[in-house]
Amino acid sequence: MIYCILASILVVVIHELGHILGIMIFNLSEHRKFNEYTIEISSKYFYVVHKEFNQPYKNFLVAIAGSLLPIIVASTLTIFFNTQFVSIFFLFSLLNIIFLHPKLPDGQNVIKLLKEMRNPL
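Per my numbering, the very first residue in the sequence shown carries number 42; after that it's consecutive.
Mixed in with the good hints there might be a few duds.
[To be verified] Straight-line C-alpha distance at most 27 Å; calculated DSSO-like pairs for lysine-lysine:
#1 Lys144 to Lys85
#2 Lys99 to Lys153
#3 Lys74 to Lys144
Simulated from the structure, these hints should not be mistaken for laboratory data.
Sequences are here, hints too, so could you generate the full structure?
Right, dumping it as C-alpha cells:
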C-alpha cells in the first residue's frame, strides 16, 4: 500500500517536472528568463503556470511533456532496477496518460493547441 502512495506522489511530481523542463527549454529558446513560471498549489491541484510561447508547437510539447516524462523515467528505472516499487511506479506512469483526456486540463490544452496548429490565424 505504501508503494502505491509513494509511486502516485512520485508520478505527479515528475509529471509537473516534465512541464517545467519543457518550459525552461523553450524559455531559453525565446530569450526569456530560465525560470519564468510559477507553481500553483491548491487543495485540488498542483500545476505550473507560464506565459504562452509564440509557436503553438512549443506549447503542445510542454503540455504533453508532463505525461511523457514519468513514462521515460519509469522505463529507464525498469531497465536497471526490477523491483516491486519500480513496477508499481511504471504502472502508475502509464496510467498518467489519462491526464491527456480532453476533459482534463492537459488534454484540453492539447486539443486547443492541435486546433491552433491545424488552423493558424
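May I ask which of the numbered hints given earlier this structure violates, with the numbers listed in increasing order? 3
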